[in-house]
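Visitor: Please model the complete structure; the sequences and the hints are all you need to start from.
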Amino acid sequence: LQADPPADPQGLAAMLVTHIPKMTEAFARLITQLVCHWSEASAAGDEGERPPHVGTRAAELLLAAVLQGRGPLAGSSAAPDGAAALRLRVAAAAVAARPRRTPTTAAAAERAERASLRLADAVAEWLMHE
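Going by the working numbering, the sequence shown opens with residue 376, and the numbers climb by one from there.
A hint or two may mislead.
Unchecked claim - Simulated restraints, written as ranges between beta carbons of each label pair: (1) E500 / H412: 19 to 25 Å; (2) H412 / P384: 16 to 22 Å; (3) A499 / A401: 25 to 31 Å.
The set of hints was computed from the structure by calculation and includes no laboratory data. Since the model is a prediction, treat every value here as computed from it, not as a measurement. C-beta atoms are modelled at their ideal positions from N, C-alpha and C, and glycine is treated no differently.
Guide: Have a look at this one:
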């Protein structure tokens, strides 16, 4: 599977998504919304010390499942070209993810920035290998 499999339930579930043989466009969009709305990059300004969110490692794995999925996405507009365009939209959305509300503490702002950088790094890795 992976050299360093995640130990937490979110990470394990996200890792399973990478084994979906044909990801549909609708499922790819749903995963993107999940990453962009619920990742620590977006939830850092929410109420509470650590609001409910998708962990950064799980968000990276979910993003990788869409970007590095095997074969063209099933049901995408124009097979290879449609899949490439969809993956570029997913990458752009992940890079643009930001907190829904302004973080109230320096620690929350740091977590959001760190999560955003890790998502951007996952996108950059995909671009370098594409």
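Visitor: Now look at each hint and say whether the structure bears it out.
Guide: Each hint, compared with the structure:
1. E500 / H412: 19 to 25 Å: holds (22 Å)
2. H412 / P384: 16 to 22 Å: holds (19 Å)
3. A499 / A401: 25 to 31 Å: holds (26 Å)
Consistency note: the structure conflicts with none of the earlier hints.
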